[in-house]
Amino acid sequence: MTNTSLIILGLFICAFCGFAVYDLATAKRHKEVYRAKSSITAYLMLLPSVALAFLFILLPILYSLGYAFTDYYLLKPNEIGFVFLDNFAELFKEISEKGMLYNAIINTVTFVVGVVPLQIGLALLLALFVNRPCFGSKIFKVCFFAPVVISLSVTAFLWEQILAPGEGGLLNAMLGMFGVPPHDWLRDPNTAMPCIIVLSAWQGCGYQMLIFLSGLSNIRKDLYEAAALDGANGWHKFWNVTWVGLRSTFVYILITVFIGACRILTQPMLMTGYMSHTVTLSYYMYNLGYTERWVGESSAVALLMTIFIGGVTLIQRRMFREK
Amino acid sequence: MDEIKNLPNFRPNKTPVKKTVKEVIYYVVGIVLSLIFILPILYMLATSTKSESAYAESVGTLSMFLPDFANLGIAFDNYKSVLVNYDIWKYALNSFIYAAIVIVLNILINGLAGYAMAKLTFPGKKLLSFMIIFLIVVPVETSIIPLYSIVKIMLGLKQEMSVIGVILPAAISIFNIFLFMQFFQNIPKEYEEAARMDGANTLDVFFKVIMPLSKPILATVAVFCFIGVWNDYLWPSMILPAADDGSWSLLPIQTALITIKSIEGITTGEIMASLVITSIPIFVTYVAAQKYIVQGFGTSGLKM
Amino acid sequence: MKKLLCSLTSLLLVVIMLFGMTACVGGNPDGTGDGDGTSTDKEGNTIVKIMFHVDKSSTEGQAYQKRIDAFNAAYKDQKIKAQAIFKARSAGASGYETELQNNQLEGTLADIITFDAPNTAAYASAGLLYDISDLISKDEQDKFFSLNMYNGKLYGLPIQESSAGFFYNKKIFREAGIDVGGYTAENPWTFEQFKDVCARLKAHGVTPVDMRLDATKDETAPYLLYPFIYAAGGDFVSSDGYTAKGYYNSAETAKGFQFIKDLITAGYTSYSIGATDFFTGKVGMYLSSGWTIPDLDNKYREQFASRDDWGLLPYPKGAEAASATGSWSYAITNNHHEDKTASLELLKWMTSAESSEAITTATGMIPARRDVVKNYAQGSPEYTLLKQLELSGRERPVTVAYPTFSTTFNQIIYGLGNGNVTDLLNNATNTLQDAMDKVKK
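Top to bottom, those sequences are chains V, S and L. Position 7 of the first sequence, counting from 1, maps to 7 under the numbering used here, and the rest follow consecutively. One rule links them: number in the numbering used here = place in the second sequence (from 1) + 323. One rule links them: number in the numbering used here = place in the third sequence (from 1) + 627.
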């Protein structure tokens, strides 16, 4: 491993030098001026972070992506052989046979499509709600953030009690007062993903609320006054001033929530276990890599996910980039 | 104070009665919403006051959110046994020390990088900005296996060194570099230029001009570092040697809690009491730094 | 401020240098006196390393450490010294296995490791474990309730044993006028008698039995429920562990799952029984392992003041009797130490009657050896578990693809409420067969 790592380090340095030379060569065309002294200072400032990031982030990621082309089995780390694209063939076979991976893709897409608007919408509403100067709003702000920092095992257990089937479940008990018969929320394929979507949005939206709040605090007050002078009503003011002012915040939140949503793992793991109606891509990957010990194939899933998430992120950036 | 200045309008153009009604509605809605969001906290607090039987009785009913007022002595016993028998203050101290070191390193290492990326031009910058986005996007679930091997090879077999294996990987955060970068980009050039006129070099500018202007982002990064270190359990439990009696254990609080949870005979009430105790520092930090966090994100502009 | 910043910067530099140095020094972790296939310390003692899956500070860890200390005292003259490594499993299964694979990479695998019994096939076929068939005499092997066999070879010896059964609320049974005194480990009840008791409990107005159908997120449900399938005459995989078709989806296996489904259909058990319902007197019976005994003795005084209020019933039998077994085991590893004499001595020491006695006294579990005499009162829960283990204990299927088996078993139990047994079994069989074919390749 030490040797491979050194080779990768060498390649990394070569790639960096290549880019640097290219930058220098095209400096004129891009109207950039590079000064030796300031460049050296920059390199020195970057050195600690690049060294650590290389060792602890880039190198592990490259290894794990590289395993995608091997038959790495967790218990035989000394017998790793290249299998080229076999892992991918295996994965596509599973998709075409509508196996677990097929379910994982469908569920992940459902989750992302559901949770991204819900979580962002909730966060925005909460941010607008607490964005006023009074004592209460400060306390509310703290409360809304609470699920972000509470240990996941506690919240998962709590939701299990709320969604428990039969009359013992809190939600069923409450609906029972209105004559609704008890429902097995997590076992029913039609309600399981929606439940997980709601609880994930509930858990995460406090964080995005804070970011929206900071976006709101950046909108100049005179814009509202100007809009009021033009006779704008509440909705117009929101649309023309608040929303426009929140645009870059929104794009940032959209991208981060999207990336987070694609990686959903813990909630289905803690709520239902490895079941076809709630399995997600990350969970599939985890199960394949750790439980069934096929690190190679699991890495192939990771590689495909990276390409997919990266691609969508790029599209989002293009679409929403300010002109 | 900034918050008030920047608020969208809530102008007092309504009659006092209408205003009071609005206020009341606002508070009612706010309290109901807050209750929904602090359910887990209520559940933790309530359970930490219960004996095992009382807890078993309450599961699945609304009383799981209400403390057992009849036997408050049990609450006292739960907290006492957690603090006295399981020594969680020792582990909490460990976590505080780890967090302090990680915060300092994190701010220095990532702050310097963020500054270089935001304010300096140098050949090869494009590759690095691409890497930042790439590393934010890649799923990291499978990379813990190679990471573990790398750290083990790096540190060798020396157990005393394992602390470094906990701290160093936590000292680097691509996301924090990104936050710093965004924040620094929005600091007007004039500040730096004035300092440079006085003959300051880049490092001087960074420490004397930029850092003092960056309190909000420093607070944001510090708080999230703290929460991250405080809540992390998987990595330390893989890297650190297991608890050894007699000598001072190196385990941080959450890793120790997992071990404590599996102790035979521990009650759910005691587990919850320990969770309540370990949640307090996070809440205090968050409440104290809340204002800065909002500013930290706000002024950074956050362009992806 | 300036001084502070300066000192912080220098601290940073020092840390980075330190880190650079360790990177260089740590480059060759396996350096000291280990090259010739044995490991010795300065006094010439042969070092044997043994890795445990628990924390040293736990009761179980303490018990192991005491046995290791006793070993070192006893083997001082023979110059063998045991060293215990405690690697808590609290990080999850992945943590322990990541450590194992990393030890293989570095060549630092301990001489003896502990492992969960269902992993025998996977570990043995991966070449992790050393074949001890010829090193442990047949007489000695016969003394254990179960052995860690794979392909007819012995790879490990159990540390201790576990078994499960139906805990029941004697108060409820008395009120409902149900007498289960005749159902003992020696003479277990039948599937029909089990259903009959359920029917009477239901008529009495309580939920009859918690079959732990909600415990499908981990190994709990497979561990507690697999004996029903053996009891119905079914099976899971072929004896070589590479065929599931014709075993997992056989008619007898279906009968076993159908029995559980019947209990759901008849309203005797359900997915909605709360985890604590048995302890609050809402459920008549509760399927669980021996680890529930201390909980019932200590934690729920209001409901269960003494052992007059609760008891333990064995697994019911269908075509045959079967009950749950299995726990963690010891194995000698295939590491670079070619001379296994010292390791064997330690293995024998740790699995001796004396060690078995000491460890099970600390953990409250069942000894793995028949010759450890525990004086349990006839009819006591511990007695029932021990007797049941002796008479009808059957281990979980031995297959390299065990993790997949466990997952598919959970999926069957999870889907049993709404699904058709045949479809569920066919799906599970296909998944497991695919996994086995993949391993065989």
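Possibly wrong hints are sitting among the right ones.
To be verified - Not everything, but these chain S residues come out facing chain V in the computed CB check (under 8 Å):
#1 F392
#2 I500
#3 T525
To be verified - Here are the simulated DMTMM-like cross-link-like pairs (lysine to aspartate or glutamate), alpha carbons at most 20 Å apart as the crow flies:
#4 S/K584 <-> L/D845
#5 L/K829 <-> V/D222
#6 S/K448 <-> V/E79
#7 L/K1068 <-> V/D184
#8 L/K888 <-> V/D184
#9 V/K37 <-> S/D410
#10 L/K1067 <-> V/D86
#11 L/K975 <-> L/E767
#12 L/K1067 <-> V/D23
#13 V/K98 <-> L/D924
#14 L/K1068 <-> V/D86
#15 V/K93 <-> L/D758
#16 V/K37 <-> S/D400
#17 V/K237 <-> V/D222
#18 L/K1068 <-> V/D23
#19 S/K449 <-> V/D86
#20 L/K1065 <-> V/D184
#21 L/K1065 <-> V/E225
#22 S/K448 <-> V/D23
#23 V/K76 <-> L/D845
#24 S/K442 <-> V/E90
#25 L/K872 <-> V/E97
#26 L/K1001 <-> L/D924
#27 L/K683 <-> L/E984
#28 L/K1065 <-> V/E167
#29 S/K584 <-> L/D922
Stated by the list, open to error - Which stretches of chain S does chain L cover? Using the computed rule of at least three CB atoms under 8 Å from a CB of chain L, they are:
#30 347-358
#31 507-518
Derived by calculation from the structure, the hints in this document are not laboratory data. Nothing here was measured: the structure is a model prediction, and the numbers come from that model. Just so you know, even glycine gets a beta-carbon here, dropped at the ideal spot from N, CA and C.
Against the structure, the hints:
1. F392: Because about 21 Å separates S/F392 from the closest Cβ in chain V, which is outside the 8 Å limit, the hint is violated.
2. I500: Where the cut-off is 8 Å and the nearest Cβ of chain V is about 6 Å from S/I500, the hint holds.
3. T525: Holds - the Cβ of S/T525 comes within 8 Å of chain V, reaching about 5 Å at its closest.
4. S/K584 <-> L/D845: This hinted pair holds, its Cα atoms lying about 17 Å apart.
5. L/K829 <-> V/D222: Distance ~72 Å between L/K829 and V/D222 Cα, so the pair is violated.
6. S/K448 <-> V/E79: violated (39 Å)
7. L/K1068 <-> V/D184: Cα-Cα ~41 Å, so violated.
8. L/K888 <-> V/D184: holds (17 Å)
9. V/K37 <-> S/D410: violated (54 Å)
10. L/K1067 <-> V/D86: Within the cut-off at roughly 16 Å; holds.
11. L/K975 <-> L/E767: Holds: L/K975 and L/E767 sit about 10 Å apart, inside 20 Å.
12. L/K1067 <-> V/D23: Answer violated: L/K1067 to V/D23 is near 52 Å, above 20 Å.
13. V/K98 <-> L/D924: violated (49 Å)
14. L/K1068 <-> V/D86: At roughly 13 Å apart (the allowed maximum being 20 Å), V/D86 and L/K1068 satisfy the hint.
15. V/K93 <-> L/D758: The given pair, whose Cα atoms are some 37 Å apart, is violated under the 20 Å limit.
16. V/K37 <-> S/D400: Given that 20 Å is the threshold and the Cα spacing comes to 65 Å, the pair is violated.
17. V/K237 <-> V/D222: holds (12 Å)
18. L/K1068 <-> V/D23: Violated. L/K1068 to V/D23 sits at ~49 Å, over the 20 Å cutoff.
19. S/K449 <-> V/D86: Answer violated: S/K449 to V/D86 is near 34 Å, above 20 Å.
20. L/K1065 <-> V/D184: Roughly 36 Å separates the two Cα atoms, so the pair is violated.
21. L/K1065 <-> V/E225: Outside the cut-off at roughly 69 Å; violated.
22. S/K448 <-> V/D23: holds (8 Å)
23. V/K76 <-> L/D845: Between V/K76 and L/D845 the Cα gap is close to 24 Å, so the pair fails against 20 Å, i.e. violated.
24. S/K442 <-> V/E90: violated (47 Å)
25. L/K872 <-> V/E97: Given pair L/K872, V/E97 holds - Cα atoms ~19 Å apart, limit 20 Å.
26. L/K1001 <-> L/D924: holds (19 Å)
27. L/K683 <-> L/E984: holds (19 Å)
28. L/K1065 <-> V/E167: violated (44 Å)
29. S/K584 <-> L/D922: Cα-Cα ~14 Å, so holds.
30. 347-358: violated (count 0)
31. 507-518: That given contact is violated, which follows from only 0 residues of the region 507-518 of chain S lying within Cβ reach (below 8 Å) of chain L.
Hint compliance for this structure: hints 1, 5, 6, 7, 9, 12, 13, 15, 16, 18, 19, 20, 21, 23, 24, 28, 30, 31 are not met, and every other hint is.
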